[in-house]
Amino acid sequence: MTPILQVDSVHKTYRLGKVEVPVLRGVTISVDQGEWIAILGASGSGKSTLLHLIGGLDRPDRGPNGSPGDIRYRGTPLSGMSASELDRYRSRNVGFVFQAYHLLPELTVLGNVLLGAMVRHGRVGFMTKRGEATSRAKALLDTMGLSHRLSHRPRELSGGERQRVAIARSLVNQPDLLLADEPTGNLDRTTGEAILDAITATRNPSENRTLIMVTHDEQIAARADRVVRLEDGIVTAGSTTSAEAEA
Amino acid sequence: MYQATLTRRYLTQKVMPLLAALAVALCSAMVMTVWSVMGGFLDRFIDQGRTLVGDVAIVWPNAGFAHYEDLIERLEADPEIEAAAPMIESYGLVSLPGGLKETVVIKGIEGPGFDRVTGYADTIWWKPVDEPLPRDENREDWRLAENFPEPNFLRSPESWQRDFDAGLALTETELTPDGPRDRAAIVLGIEAAGFNVRRPSGVYVPSTPLVREPDGTTRYTNNFILDEKVVLHVVPLDLDGQAVELVTRSLPVANEFATGMFEVDNRVVFVRMDALQAMLGMDEAQRISADTPFDPFATNQDGSFAMPVQLEPDPARVSHVLARGIDRDMDAQRLKEIATEVYEAFAFEHLGEVPQPGRIIITTWADQNRTFIAAVEKETALVLFIFGFVSLTAVFLVLAIFWSMVSEKTRDVGILRALGASRVGIAWLWLRYGAAIGITGCVLGMILSYMVVTNINPIHDWLGAALGLQVWDPSVYYFTEIPNHFDPVKGSIIFFGGVLASVVGALIPAVRAAWLDPVKALRFE
Numbered sequence: 056m057t058p059i060l061q062v063d064s065v066h067k068t069y070r071l072g073k074v075e076v077p078v079l080r081g082v083t084i085s086v087d088q089g090e091w092i093a094i095l096g097a098s099g100s101g102k103s104t105l106l107h108l109i110g111g112l113d114r115p116d117r118g119p120n121g122s123p124g125d126i127r128y129r130g131t132p133l134s135g136m137s138a139s140e141l142d143r144y145r146s147r148n149v150g151f152v153f154q155a156y157h158l159l160p161e162l163t164v165l166g167n168v169l170l171g172a173m174v175r176h177g178r179v180g181f182m183t184k185r186g187e188a189t190s191r192a193k194a195l196l197d198t199m200g201l202s203h204r205l206s207h208r209p210r211e212l213s214g215g216e217r218q219r220v221a222i223a224r225s226l227v228n229q230p231d232l233l234l235a236d237e238p239t240g241n242l243d244r245t246t247g248e249a250i251l252d253a254i255t256a257t258r259n260p261s262e263n264r265t266l267i268m269v270t271h272d273e274q275i276a277a278r279a280d281r282v283v284r285l286e287d288g289i290v291t292a293g294s295t296t297s298a299e300a301e302a
Numbered sequence: 194m195y196q197a198t199l200t201r202r203y204l205t206q207k208v209m210p211l212l213a214a215l216a217v218a219l220c221s222a223m224v225m226t227v228w229s230v231m232g233g234f235l236d237r238f239i240d241q242g243r244t245l246v247g248d249v250a251i252v253w254p255n256a257g258f259a260h261y262e263d264l265i266e267r268l269e270a271d272p273e274i275e276a277a278a279p280m281i282e283s284y285g286l287v288s289l290p291g292g293l294k295e296t297v298v299i300k301g302i303e304g305p306g307f308d309r310v311t312g313y314a315d316t317i318w319w320k321p322v323d324e325p326l327p328r329d330e331n332r333e334d335w336r337l338a339e340n341f342p343e344p345n346f347l348r349s350p351e352s353w354q355r356d357f358d359a360g361l362a363l364t365e366t367e368l369t370p371d372g373p374r375d376r377a378a379i380v381l382g383i384e385a386a387g388f389n390v391r392r393p394s395g396v397y398v399p400s401t402p403l404v405r406e407p408d409g410t411t412r413y414t415n416n417f418i419l420d421e422k423v424v425l426h427v428v429p430l431d432l433d434g435q436a437v438e439l440v441t442r443s444l445p446v447a448n449e450f451a452t453g454m455f456e457v458d459n460r461v462v463f464v465r466m467d468a469l470q471a472m473l474g475m476d477e478a479q480r481i482s483a484d485t486p487f488d489p490f491a492t493n494q495d496g497s498f499a500m501p502v503q504l505e506p507d508p509a510r511v512s513h514v515l516a517r518g519i520d521r522d523m524d525a526q527r528l529k530e531i532a533t534e535v536y537e538a539f540a541f542e543h544l545g546e547v548p549q550p551g552r553i554i555i556t557t558w559a560d561q562n563r564t565f566i567a568a569v570e571k572e573t574a575l576v577l578f579i580f581g582f583v584s585l586t587a588v589f590l591v592l593a594i595f596w597s598m599v600s601e602k603t604r605d606v607g608i609l610r611a612l613g614a615s616r617v618g619i620a621w622l623w624l625r626y627g628a629a630i631g632i633t634g635c636v637l638g639m640i641l642s643y644m645v646v647t648n649i650n651p652i653h654d655w656l657g658a659a660l661g662l663q664v665w666d667p668s669v670y671y672f673t674e675i676p677n678h679f680d681p682v683k684g685s686i687i688f689f690g691g692v693l694a695s696v697v698g699a700l701i702p703a704v705r706a707a708w709l710d711p712v713k714a715l716r717f718e
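Note that the protein sequences, when read in sequence, are chains A and B.
Per the working numbering, the very first residue in the first sequence carries number 56; after that it's consecutive.
Per the working numbering, the very first residue in the second sequence carries number 194; after that it's consecutive.
These aren't lab readings, by the way, just hints derived from the structure by calculation.
Incorrect hints may appear among the rest.
Not the full set, but computed from the structure, chain B residues with beta-carbon under 7 Å of chain A [to be verified]:
#1 202
#2 421
#3 608
#4 612
#5 614
#6 615
#7 676
#8 679
#9 711
#10 712
In silico lysine-lysine, DSSO-like type, Cα no more than 30 Å apart, as pairs [as the list claims (entries may be wrong)]:
#11 B:320 <-> B:422
#12 B:207 <-> A:193
#13 B:294 <-> B:422
#14 A:73 <-> B:713
Don't be surprised by glycine CBs; every beta carbon is placed ideally from N, CA and C.
Starting from the given sequences, assemble the full structure and let the hints guide the process.
In structure tokens, the structure reads:
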């Protein structure tokens, strides 16, 4: 079985003034289609950076020996994609859920969810698919228990409700990859559990969506199919799929 | 699509973009108002500049040219020329009642014919009027029928009509022992004699200076030039341009005229053409023929000098023939071409008797006012440039506000990039936002400007009444009302200029937003 995602010896270094801070130091991970993996690590271990690289928001650096590490999505290297191809990759294949929800305060709940569809389809495309996109957005919000909140603004919602809107937004384009960065980090335990349930519920067999979740919480990570441990930019456990491990 | 949605939301739910739109509105309204007033001012000057000069003039200064009746007939035969009239223009000195002497431009005209070409009758001031001037709210105009009788001026409504008729014909009827007798008269520019006072309403009334009597008492006297005579001094020139002798003539004042152009109203006087022709030696006469044999020794029987003289008629001459096109909006240059063609045929017919076509001066009204019009045009352009430059602040205001908003919306940019928005899409969002602010601002600005321009006179009146502020003084500007025409073409230019300025102001922040690192943008606090 071909992994949907292969992260191969990826490096990333940030520069803080004149100081170079290596964040990822040769990270290698394989992820199967439909798998839920949790990337577990302490603060500063490079989890979010890895998620941004997988999501095409950033590009990896060359390694110390000049080797160009790479991330492959269904066998296609992200490094070979142009800026517009990466934009398209993010809009069609990836859904992001952030710790801070990142909803646009000027838009309603429904508007925030539809925003992803607007970006993906463009002006003409969205006009023709407006009805379909709106139906899907409403259905997702209904699934999240927010059908009565469609015209509310984010400031009128609780933290848990906001995160559910963010999850609905990430799913509106039916992506293969759902990337969640500490989705319960700003929530209390009970609400966090509810959010995790909501995320779990998105993994229906028909869509076979892959879920990569970054967390520092062992209990949350335990709900995943596999836990990848990241320490100081190096994967210490769980880098391979079960099939690869068996092989 | 998301750009349209977010532009609408950003525009309606934030105070700062509304402030930016307000700045654009004020700037565009300011430029439009200035342009409307200054442009209207220029249009009126141009319009007034055409007064009393006709559309095109055929000119041979000083000596003048003969057979002008034939030229006029030929001009009026052209279907594109409405009317033509002769005129003599000269310079002289006028001795006014009270001893004041003024150098003046003297124009000899045939009143009715001159009126057909220049609208002279409309400029004659002392005449019966039914309605007060637009700004004469107190109805202080002496010419209004309701203001009669004025006991000190011995005038009646009927006399105003007689004064008007006398002004038009430049003829006064005098009662003599032999009965009534017509006499050539003069019509002065309303400012020439200094006998009148212009009120803020634009109305002229005779001045009433305080006079001290020999016994030490004082009293107000009424200055009214129409009951007076003036003495006109001219210097006729011979055909070589040499001064012959000073000719002086007393003329009754038939009326005064007002064009609204100070230079004209202060320096020009009209005299009946035949009188001026006679004074300048340009009237029809007999002259010694060039064929007369020169015999200085010819004597009569009584010993007196008796050189045989052959006389021939010397036709009357004028220095100008003015023509008017059938349509006021007709191209003056086209009329000039027509006049040139007509004059060529005319000169061919009178070969040797009139100036040759290549030498005669043919000018349009625009040529004659070129210096003046160019000055006002330059002034308008300068004022527009200054205000336009001031309005550039709107560009920097939009830039500053957008820069601040991009900073505020950094995280939104990161979210949009995470959702797959391209850099170009992000830049377009902000440019579109700038355009939306520009359109909103310019629409508001044009509405504001329209309201100000069309109501500028009531606003000015209110400022005068409430604050004692009189910016537009008719005694200085010579138009009683501030120009208040809102030109849609100018409005369109300013509208698109304002939108463009807003987009330019948004350009740098848009590029900045587009090049934000999405990861940093998402982490922005």
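To see whether the hints hold, each was checked on the structure:
Using the Cβ-Cβ criterion of 7 Å, the hint placing residue 202 (chain B) at the interface with chain A is satisfied: the shortest such distance is roughly 4 Å. Interface hint at residue 421 (chain B): violated, since its Cβ lies 80 Å from the closest Cβ of chain A, which is beyond the 7 Å cut-off. About 5 Å separates the beta-carbon of residue 608 (chain B) from the nearest beta-carbon of chain A, less than 7 Å, and the hint is met. Residue-level restraint check for residue 612 (chain B) holds (minimum Cβ-Cβ distance to chain A is 5 Å; threshold 7 Å).
With 7 Å as the threshold, the beta carbon of residue 614 (chain B) comes within range of chain A, its nearest partner Cβ sitting at about 5 Å, so the hint holds. With a least beta-carbon distance of about 5 Å to chain A, the hint placing residue 615 (chain B) at the interface is held under the 7 Å criterion. The restraint placing residue 676 (chain B) at the interface with chain A is violated, with a minimum CB-CB distance near 45 Å, outside the 7 Å limit. Hint status for residue 679 (chain B): violated, given a least beta-carbon distance of 36 Å to chain A, over 7 Å.
Here the hint on residue 711 (chain B) is kept, as its CB sits about 5 Å from the closest CB of chain A, short of 7 Å. The restraint placing residue 712 (chain B) at the interface with chain A holds, with a minimum CB-CB distance near 5 Å, inside the 7 Å limit. This hinted pair checks out: residue 320 (chain B) and residue 422 (chain B) have alpha carbons roughly 19 Å apart, not beyond 30 Å. A C-alpha spacing of about 28 Å is found between residue 207 (chain B) and residue 193 (chain A), which places the hinted pair at or below 30 Å, so the restraint holds.
Between residue 294 (chain B) and residue 422 (chain B) the CA atoms are separated by roughly 13 Å; this keeps the pair inside 30 Å, and the hint holds. Proximity of residue 73 (chain A) to residue 713 (chain B) is assessed by CA-CA distance (about 18 Å); at most 30 Å being required, the pair is judged to hold.
When each numbered hint is compared with the structure, violations occur for hints 2, 7 and 8.
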